[in-house]
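Chemist: This is what each chain is made of:
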Amino acid sequence: MKTERSATASHAEKESGEPHQTRPRDLLQNADLLELLDQLYLARYFDVRLIKEKRRGRLRGTLYSSHNQEAILVGTLFGLRPDDWISPVHRDMPAFFLKDIRAGWDNPSRMGMSIGEVCAQVWGKATAPGRARDNWSHIGDSSKGIICSTSMLAGTIPVAAGIAYDFKLRNQDSVVLTYNGEGSTAQGVFHEAINFAAIHKLPVITIVENNQWAYGTPVELECPTKDVADRAKGYDIPGLIADGQDVLDVYDNTMWAVERARAGKGPSIIECKTFRAYGHGDHDDDRAAKYRPEDEVGEGRRRDPLAVFKQELVKRGVLSQDDASKYSPEFKNAAETTDEDFPARVVEYMKQGVEFAISSPLPDASEGTMWVFAEENR
Amino acid sequence: MKTERSATASHAEKESGEPHQTRPRDLLQNADLLELLDQLYLARYFDVRLIKEKRRGRLRGTLYSSHNQEAILVGTLFGLRPDDWISPVHRDMPAFFLKDIRAGWDNPSRMGMSIGEVCAQVWGKATAPGRARDNWSHIGDSSKGIICSTSMLAGTIPVAAGIAYDFKLRNQDSVVLTYNGEGSTAQGVFHEAINFAAIHKLPVITIVENNQWAYGTPVELECPTKDVADRAKGYDIPGLIADGQDVLDVYDNTMWAVERARAGKGPSIIECKTFRAYGHGDHDDDRAAKYRPEDEVGEGRRRDPLAVFKQELVKRGVLSQDDASKYSPEFKNAAETTDEDFPARVVEYMKQGVEFAISSPLPDASEGTMWVFAEENR
Amino acid sequence: MTASATQSQPVNMLTAIRQAIDEEMERNPEMVCIGEDIGLLGGAFGATEGLQDEYGSMRVLDAPISEAGIVGAAIGLAMRGRPVMVEMQFIDFISCGFDQIVNNAATMFYRTGGKVNLPMVIRGPSGGYGGGGPYHSQQNEAWFLHSPGLKVVCPSTPSDAYGLMKAAIRDPNPVIFYEVKELYRKREIEEIIPEGHTVPLGKASVRREGSDCTIITYGNPVYFCLEAAERLASENVQAEVIDLRSLLPLDEEAVIGSIKKTNRVLVVNEASRTCGFAGELIARVCETAFEHLDAPPMRVTREDTPVPWVKPLELSVLPTTDKIYDAALRLVRY
Amino acid sequence: MTASATQSQPVNMLTAIRQAIDEEMERNPEMVCIGEDIGLLGGAFGATEGLQDEYGSMRVLDAPISEAGIVGAAIGLAMRGRPVMVEMQFIDFISCGFDQIVNNAATMFYRTGGKVNLPMVIRGPSGGYGGGGPYHSQQNEAWFLHSPGLKVVCPSTPSDAYGLMKAAIRDPNPVIFYEVKELYRKREIEEIIPEGHTVPLGKASVRREGSDCTIITYGNPVYFCLEAAERLASENVQAEVIDLRSLLPLDEEAVIGSIKKTNRVLVVNEASRTCGFAGELIARVCETAFEHLDAPPMRVTREDTPVPWVKPLELSVLPTTDKIYDAALRLVRY
Ligand SMILES: Cc1ncc(C[n+]2csc(CCOP(=O)(O)OP(=O)(O)O)c2C)c(N)n1
Ligand SMILES: Cc1ncc(C[n+]2csc(CCOP(=O)(O)OP(=O)(O)O)c2C)c(N)n1
Ligand SMILES: [Mg+2]
Ligand SMILES: [Mg+2]
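Chains as they are written, first to last, in my numbering: chain A, 1 to 378; chain B, 1 to 378; chain C, 1 to 334; chain D, 1 to 334.
None of these hints come from the bench; they were simulated from the model.
All residues carry an ideal CB built from backbone N, CA and C; glycine is no exception.
Treat the hints loosely; a few may be bogus.
Said to hold, decoys possible - For each label pair, taking beta carbons as the anchor points, the in silico distance ranges come out as:
#, chain 1, residue 1, chain 2, residue 2, range
1, A, K290, C, P29, 33 to 43 angstroms
2, C, E227, A, A126, 24 to 34 angstroms
3, B, D83, C, G50, 25 to 35 angstroms
4, C, Y334, A, E375, 40 to 50 angstroms
5, D, E195, B, S359, 54 to 64 angstroms
6, D, E287, C, E227, 16 to 26 angstroms
7, D, E26, A, D285, 23 to 33 angstroms
8, C, N28, A, D285, 47 to 57 angstroms
9, D, E26, B, K265, 24 to 34 angstroms
10, A, R262, B, L27, 27 to 37 angstroms
11, B, D83, C, N28, 56 to 66 angstroms
Please model the complete structure; the sequences and the hints are all you need to start from.
Modeler: Take a look at the structure:
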């Protein structure tokens, strides 16, 4: 994984005239840093727990694990305001509850879905945001600033551009963060949306989670440029490269692009370099082992985002070595971890969600034909 | 119109290590240069004649004039081999008969359609290549290496990529030249096709005729980059900029890209800067006057490709000033020109085509339901 | 609002549509128009002429040539509560934005369990008979009728176009609006549109009463059917001609009611035959009013071909007055 | 060719399909396969497993995620005379390549006046009942049946899939090939495929003979219909079940022939109702065999909704054995 800033990435610095004197991360308090760590734990635990539930046959649908990619979700979402919008896709399940979670994990009025709602979705219950009409990541809620995506990759990016255009019309300095994998940047609608956003300098920030593989296809067969961020050059917008394993680097790059977008300077693409821990979906775990050489996987998972961040916190003296070692799910596969690897508040939080999901009813069959059309109400 | 080579354009030179010592144009004989001039006259005369026929109410459909843009067609096609493919679109009507015309205007076995076939198409006759099932530029013929395009802009570019992929499979060093306007580069399928071609280093050369306007929309609202050629940066392929008014500059750039493609080094985009002489189509001539300031039109047509090339030929001593002045359709609108403005062989050639068209029968109504499906023949 | 052309003198369909959009833009400052060449130029046919001057280039937006991106952006705007008018320069190009329409816009309300509705109209010039060839002649409504979550309309008169456009813009769902371009400037059908005129989605209009057979149609063929009906009258056959106007929702009551009276039905539309809406109507009629049918239901549609360009070919595959007349005669003589 | 699994032991539908593609790839060195994840991975379901090893990464190509670009490239390859197999990872994603299919591929032969034909097959896993939700459950054949120039098939057994795949690849026209993914690995339908087995496009298969009513269907619902027919038999109702296999070309003879015998018809498919193929079949039957019908034709289809995810909702909108049984009973008791 290359994490040095390429020519593209240096765009950020070029534009401001000189390297950032103060980086966004420098304004974070110790409490923020520890919160970031907890969110990383939470994202990992959510995934691990669902992998286990899935294996026990308790869940339907496909689980696209975000394992090893959590720093991207946590780092991009941490600095957003409640009025900002996001569009998570298949590999971004934790994003639904991470949105605005800084406002309080249990704050009922925060933007972002509750862990209960997200679990209800995974369990396919009537209490899910979309009443379980589509699976897993295909949920959204306008009142929470989350675009409900279809399965069609890159399909939410033009929608994000439309929302950003609405912000512009309202003179509102909110932003929209879209997520997609590197493979999805090959889609035509990716181009159409970014082109439109660039022309109108819309506040759309496209987070490209480059985990090196699009299902069974390596990035070289999806994208002809050295870095996926280079696609930005075709629109004359910043194409930043973040170390997707380093939550602070993701945070810095995001905040730079967000501030720029809020200032009316237009869209950016942020490529976050990372590596897919498992198969494409849980159904692919076995086959993935055939098309991905073992040493590539080992190398790709060498820098677990939890480990990277804990090391940084210890270095800074924000976390003691003891505390750092207390909870150590890093480098472990889902099956190897136990609840003891995670802080109690994380385990407890997820437990609440799962319990809510399990105790929620299934939607009634009579709902099948409901809500095809909205009633005329104006 | 900016004709200096931008950073993008200089790619060509960078790659070869140093500026071209011998430019492709330097290898042209005087006879070639005079042939180029004749082809420019021919392309112009074809357009002028059809504009007049159209105004007299003799033709159906829309005429998208290539007036002022002829150097692009002539310059890109001149160096092609018979086995190369092209995909002209709405504004490229002359391309159909210019293809391989160097092999002899009346050579029946040359690649490229005869002027008669092209006129039959315009007149909607049964002798048209597609038996007049779609209008004007929507003709093609695999035996002639011409892709039959739909109306959907940029829709032939992935097809061109497929043909180029076939060449690669066959180890055949042919190339495919695709044409489209600058506005059409906003289409998703443009991105998908160039992306694919770049990944596989396919011999596809995309000629972008940047005439500054896409119907009633200026280029700034279609493309966010300074030059449309900059789109190439997003694929890490050469994005060349040619002076679309200078047939030799178009030729040089094309040949550079063609040779590169034949050598297996992949696709290029060549932006040819030009200016649309009239309305978008002939139905738009009046309205265009409202959305395009008069002085912009004046400036855009200041460098008539015929005038530019004649001046060059005189400078080189290939053409006498007298011969240069003898035929002077340049700077004239269609209505102002007469047959005397054109060399006799050009007028005669077109006359043959028109006569063939007029004397050809209409397709019979019974053909309407034919050829929906090919018969199983294997 | 630019000077009102309606309500005082007869207007053609294009003016009526322009006027309806204009009035809705004035009525609701949240509304946005987006499409190719709709601003500076005022649209290929002039359906948005003057609107950019009136409402500015932000609300009347010249979009890049990218139908999927345009529809997607419209979804985003509609998600934020704005009514959006999307123009397809020709309805044929809707194929380039197909996924965003059928999979994203159409199903958003369903997928969010009734939470996120999208007030958007996708409109564009449609239909054959003008020598447009395969890509400027389509009447491709069946694709969208088969995609749950979309409403579909296709008016044939200026006042219906005006009324339905307003209803469509105010409707909280995505509506695909077919504007028959051959009717845009047809002088014979100009009308004075009364102040405050409305037409709800889902109401058919009986264009001619008759007792011998029911001809169900919409769009341009309405006029061929009316012509055929006149000719039939001279043979003492009284055909009832129903102009559906709105295909989904459908005025089944009007359709079935008429068939109960005439006991014979001919469906005419200009889409290609297989899986077109004409067949769907026949299926519905047979399912629900089988015992009222005294003859096999018939349809006159485009042949299962693209719309070819040259006139003799074009007319050979499209419904014509002659074909309708012949079919109706066969129907009543069965 | 990789080791042949057919012709000696029973194979499932997925294996049969893989085998047919493999054999055609071997038979014709010009043939190319293109799609997402079909090479290195061997396809999301494994329909191309082993083919890249066998025929190389040039002929079995892992394309970028770009359905329009893929179909367009396939058109170019087919234009050069190569048979092309295009895989859609799920048939639902075909919407992203829609324009290239319906406007470019479908009409090429027509537009070139019979000169340029395109031997290509676009195939992909389709259908509901597996909890795939709105985007992994579609059976969207009606869009393509309504787009002149495309052939459409949907087999329900391994040997039909094998035979039709070979016929489709050898057909000089673009064919859209629906592979019911719920049948891919269904043990109960495994079959031994005889050497040299072929199935021509356009021939239906009578899956059960009967005299009381005709049930026309294809794909997964074939099995629900057969089940319903068994149950009906215990009520002394003998239903004939026709598996169309190929929707276009259609075996009208088989359909009409059966109806002339039973005088009652029920059409069952899992696409949504409006403008689906079930309605089209009803319309055709009514047009051509009206006088043979002793009861109104009926259809059991998906409701006009997307396919919802959770099981109770999914089954509530899709055809089931119960719904078919009930409809057939109503039909014969009419
Ligand atoms: C339009 C479309 N085509 C194909 C698919 C099938 N598909 C789902 S995920 C995926 C791979 C995505 O790769 P990438 O964008 O890199 O994201 P990642 O899964 O690696 O996070 C594919 C091909 C789809 N969902 N949508
Ligand atoms: C997909 C699609 N959308 C819209 C159109 C309508 N249309 C035809 S030409 C044109 C403008 C094209 O502009 P440009 O690409 O710059 O080419 P130019 O006409 O200037 O040569 C438009 C919008 C179309 N043909 N196809
Ligand atoms: Mg990826
Ligand atoms: Mg242009």
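Chemist: All hints are to be evaluated individually against the structure, with a verdict given for each.
Modeler: Structure-based check of all given hints:
no. : hint                                    : in the structure
1   : K290(A) <-> P29(C): 33 to 43 angstroms  : violated (58 angstroms)
2   : E227(C) <-> A126(A): 24 to 34 angstroms : violated (55 angstroms)
3   : D83(B) <-> G50(C): 25 to 35 angstroms   : violated (52 angstroms)
4   : Y334(C) <-> E375(A): 40 to 50 angstroms : holds (42 angstroms)
5   : E195(D) <-> S359(B): 54 to 64 angstroms : holds (58 angstroms)
6   : E287(D) <-> E227(C): 16 to 26 angstroms : holds (24 angstroms)
7   : E26(D) <-> D285(A): 23 to 33 angstroms  : holds (32 angstroms)
8   : N28(C) <-> D285(A): 47 to 57 angstroms  : holds (52 angstroms)
9   : E26(D) <-> K265(B): 24 to 34 angstroms  : holds (33 angstroms)
10  : R262(A) <-> L27(B): 27 to 37 angstroms  : violated (56 angstroms)
11  : D83(B) <-> N28(C): 56 to 66 angstroms   : holds (59 angstroms)
Violation of the numbered hints given earlier is confined to hints 1, 2, 3, 10; the remaining hints are satisfied by the structure.
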